[in-house]
Amino acid sequence: MIEIKNLKKSFGDLLVWEDVSFQIDDGETVAIIGRSGCGKSVLLKHINALLNPDEGEVIIDGNNIHAMDYVDQRRLRQKFGVLFQGSALFDSINTFENVAFPLRYFTKQSEEEIRKNVMQSLEYVNLEEAADKETSELSGGMRKRVGLARAIVLRPHYIMYDEPTSGLDPQTADEINELINGMANTLDITSIVVTHDMHSVLEVADKVAFLNNQTLSWFGTLEEMKRSDQQDLQDFITASEYQIKG
Amino acid sequence: MRSLTELGKYSNLLYQALRSSTEFSTYRKNLFQELVKVGYDSVPIIILTGIFTGSVMTLQSAYQLESAFIPLSTIGAIVSESILIELAAVISSLVLAGKVGARVATELGTMRVTEQIDALESMGFNSVSFLVVPRVLAGIFMFPVLYIVASVCGLGGGLAAGFFSGTVPPADFLQGARMYFYPWNVVFGFVKMFVFGFIITSVSCYKGYYASGGAEGVGKSTTNATVLSCIFVLLADFILAALLL
Amino acid sequence: MLNLSNEVKVGITVLLAFLVAVVGFRFMRDVPIFRQTVEISTTFDRGDGISRGSIVYVRGVKVGSVRSVSLTPENSVRVVMQLDGTTRVPKGSVAQLTSLGIVEGKSIVIRFSDSDEYVEFGESIEGVYVESMTEVLGSRSEEIAGDVSESLSELNTFLRQLNIAFDDETRVTVSETLESASRTTKQIASILEDKQSEIDSAIDAGSRMLSQLDTLATDSRPQIESIMAAIEENVNELETVRKELEIATSNLNEILEKINSGEGTLGKLVNDPALYENLNSLTEEMNELVKGINENPGRYLRHMSIIDLF
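Protein chains in written order, with the working numbering: chain F, 1 to 246; chain H, 1001 to 1245; chain R, 2001 to 2310.
This is chain F alone, in the form it adopts within the complex:
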């Protein structure tokens, strides 16, 4: 369970957002939506303490991650898998090694076990055949999937997706959405999805957090969102739907 309480962040004089509070229960998939540059990714980085807030706290399974020392923080971070916007694959090593990377450093598994786990993760994302490819040979969608395979290889409790479908064709985006759902169901993972793709939100989310006007302007379930009468939220959804329908 992740509790976010009264979070405030500013870069210099520029306020990103303040008074952000919501709760993510185990097994849920929460989508954080908002316009570009509203600080969605920044909020995501506060959850696993890649960034520190000016005020407020993030409590993960009862522990305030920002109050911990660096060693404990890092241990806690291993409960998270993160799929970055640009996949953030290590370009000096191939696909297999990218996925095997956390296993090699954080587990004492034998080469055989590592191989088994890596292939299993790649199987989840349907990329067994790409194991020996260099990362530079992979397409955007494949990179996302390899990133996802790497994110789940340590069997995390939480997984965070930063713009998982951006820059992908609609078909590939759908495949990714399916994978996100698959992860949540088969691996029983709590997911946090940062996106401005309403199609993706409708596909995967249980709850929605809407960042607007430098604060969390709306939080609720997907059903509540559809019935919400908040103008800003409705405008955002409508704009997205126009986009979807072309």
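Read the hints as simulated data drawn from the structure, not as lab findings.
Glycine included, every Cβ here is placed at the ideal spot set by N, Cα and C.
Misleading hints may appear alongside valid ones.
Claimed, not checked - Between beta-carbon pairs, the in silico distance windows are: (1) R:T2072 x H:G1008: 36 to 44 Å; (2) F:S92 x H:Q1060: 41 to 49 Å; (3) R:L2015 x H:A1242: 44 to 52 Å; (4) R:L2162 x H:A1241: 55 to 63 Å; (5) F:N52 x H:S1003: 19 to 27 Å; (6) H:A1215 x F:E223: 23 to 31 Å.
Said to hold, decoys possible - Under the rule of at most 20 Å between Cα atoms (straight-line distance), these lysine to aspartate or glutamate pairs were calculated in the EDC-like manner: (7) F:K8 x F:D19; (8) R:K2062 x R:D2084; (9) H:K1029 x R:E2007; (10) R:K2091 x R:E2120; (11) H:K1029 x F:E57; (12) R:K2106 x R:E2131; (13) H:K1029 x F:E111; (14) F:K108 x F:E97; (15) R:K2091 x R:E2117; (16) H:K1029 x H:D1041; (17) F:K116 x F:E128; (18) F:K79 x F:E3; (19) F:K133 x F:E178; (20) R:K2106 x H:D1172; (21) H:K1009 x F:D54; (22) R:K2186 x R:E2176; (23) R:K2091 x R:E2131; (24) F:K8 x F:E18; (25) R:K2062 x R:E2039; (26) R:K2243 x R:E2254; (27) R:K2243 x R:E2233; (28) F:K226 x F:E203; (29) R:K2009 x H:D1172; (30) R:K2062 x H:E1216; (31) F:K108 x H:E1023; (32) F:K226 x F:E28; (33) H:K1029 x F:E97.
Chain F is fixed; fit chains H and R onto it per the hints.
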């Protein structure tokens, strides 16, 4: 003000590196990789630099000291002392600031802007320990080794240039070189390279680690890293000379 | 290229660099790299200019270098030399610490002895410190400086003593003496001033007389010359007379000699005492006779008619 902020961030990075330098298992593999990249891969360029530095020194000294009253061995003494004290260390370091510094800054800068550093951190890695420590250690360790290469090649190049140009016979060159060979000069050279190795790798790591702004930002960081490395190498050279000579 | 692991590459680089460094270091320190070496030591009174790496020569050939220089408890300088393994130093050889040129540094020259025995590893030979020209100059100047300072200190002492000797009383005396001297000088000066005219006239008269004399001498010149000529003539004549006289004298001398030696009548006369006696008695008798004649001329005159004689 901005430079003070930068100094603060740089010091903080070094502090983190120092604190995490005990996590040897994290960076062991990277360390060897960096030792190869900084040391082994730099040997050819250092050999080339050394030979040319030495031979140019000899030819120019011979040209400048063309007098019946100055024994030819003086040229050997001048060349060997200059190489051991100054040139082997400084010229090599300036070359390495371009080669090693630029590579380090680009690597880390690219990792920063493509979120690879964030990825490492979010996996639970200590990115400083993983990326910065092995690079700085490799610099500290390998630069003195490269000093040996540069010195030997410089003296050899100087000797050979004197011989082939017919200006300084090898016997005279060696006599002068040996007469003014003080072990302290070599120690001083090692100390210099140790410091230069630290400066170049740490400055480049700092510039790369805090790069921002996409490909352009990485390019800027790389340029800054190289320029700053050169400036600080020259500055450190001066300070060391003032302190130790 | 072999596919080496990073560790191996690093290992190779570091090992090779280390080897090169050691070999290069020994090479630059002029320690033979592969050959065997011999270490012998020597002691000097002083070790100016010698240091680790200084060259050791034998008859102008480089045979090794200085390994270490240290001060011994006996206050001399111990120098350990490292020589080529092939160099054999006879026992009794002498190591000289010397400089080969004015600008060159110091080096050690070993002068071999004729001995058949050789110095072993670690043994010691005699050492002599040879002063260089500059040093000789330096030490001389030191001596001179010493002398000068000694002299100065002596002078100082003298001056101090003088100062002490010049107590107030003496000072007064000295100043009084000086005062009276100055007074005397003044008096002399005033006297001279008073008599100035007299002195002037005296000097005048003197100078006049001298000029008259001069004129006189000039006027009588021919007369004086003729007189001089006459005198010269006389002198010449005198010379002739003197020569004749000389001859006469020598003749006389001859005669006198002859007389002396009893030659001739006069000689016999002079040299025969009996004759003198006879002459003497004769004279006496003649005296008596004359007396008798005077008293009684008739007695003798009868027998003689002197008047008749005439």
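Cross-check of the supplied hints:
{"no.": "1", "hint": "R:T2072 x H:G1008: 36 to 44 Å", "verdict": "violated (57 Å)"}
{"no.": "2", "hint": "F:S92 x H:Q1060: 41 to 49 Å", "verdict": "holds (43 Å)"}
{"no.": "3", "hint": "R:L2015 x H:A1242: 44 to 52 Å", "verdict": "violated (35 Å)"}
{"no.": "4", "hint": "R:L2162 x H:A1241: 55 to 63 Å", "verdict": "holds (59 Å)"}
{"no.": "5", "hint": "F:N52 x H:S1003: 19 to 27 Å", "verdict": "holds (24 Å)"}
{"no.": "6", "hint": "H:A1215 x F:E223: 23 to 31 Å", "verdict": "violated (43 Å)"}
{"no.": "7", "hint": "F:K8 x F:D19", "verdict": "holds (6 Å)"}
{"no.": "8", "hint": "R:K2062 x R:D2084", "verdict": "holds (9 Å)"}
{"no.": "9", "hint": "H:K1029 x R:E2007", "verdict": "holds (9 Å)"}
{"no.": "10", "hint": "R:K2091 x R:E2120", "verdict": "holds (9 Å)"}
{"no.": "11", "hint": "H:K1029 x F:E57", "verdict": "violated (36 Å)"}
{"no.": "12", "hint": "R:K2106 x R:E2131", "verdict": "holds (10 Å)"}
{"no.": "13", "hint": "H:K1029 x F:E111", "verdict": "holds (16 Å)"}
{"no.": "14", "hint": "F:K108 x F:E97", "verdict": "holds (16 Å)"}
{"no.": "15", "hint": "R:K2091 x R:E2117", "verdict": "holds (6 Å)"}
{"no.": "16", "hint": "H:K1029 x H:D1041", "verdict": "holds (17 Å)"}
{"no.": "17", "hint": "F:K116 x F:E128", "verdict": "holds (11 Å)"}
{"no.": "18", "hint": "F:K79 x F:E3", "verdict": "holds (15 Å)"}
{"no.": "19", "hint": "F:K133 x F:E178", "verdict": "violated (24 Å)"}
{"no.": "20", "hint": "R:K2106 x H:D1172", "verdict": "holds (17 Å)"}
{"no.": "21", "hint": "H:K1009 x F:D54", "verdict": "holds (19 Å)"}
{"no.": "22", "hint": "R:K2186 x R:E2176", "verdict": "holds (15 Å)"}
{"no.": "23", "hint": "R:K2091 x R:E2131", "verdict": "violated (24 Å)"}
{"no.": "24", "hint": "F:K8 x F:E18", "verdict": "holds (4 Å)"}
{"no.": "25", "hint": "R:K2062 x R:E2039", "verdict": "holds (15 Å)"}
{"no.": "26", "hint": "R:K2243 x R:E2254", "verdict": "holds (17 Å)"}
{"no.": "27", "hint": "R:K2243 x R:E2233", "verdict": "holds (15 Å)"}
{"no.": "28", "hint": "F:K226 x F:E203", "verdict": "holds (13 Å)"}
{"no.": "29", "hint": "R:K2009 x H:D1172", "verdict": "violated (37 Å)"}
{"no.": "30", "hint": "R:K2062 x H:E1216", "verdict": "violated (63 Å)"}
{"no.": "31", "hint": "F:K108 x H:E1023", "verdict": "holds (16 Å)"}
{"no.": "32", "hint": "F:K226 x F:E28", "verdict": "holds (18 Å)"}
{"no.": "33", "hint": "H:K1029 x F:E97", "verdict": "holds (14 Å)"}
In the structure shown, a violation is registered for the earlier hints numbered 1, 3, 6, 11, 19, 23, 29, 30, in ascending order.
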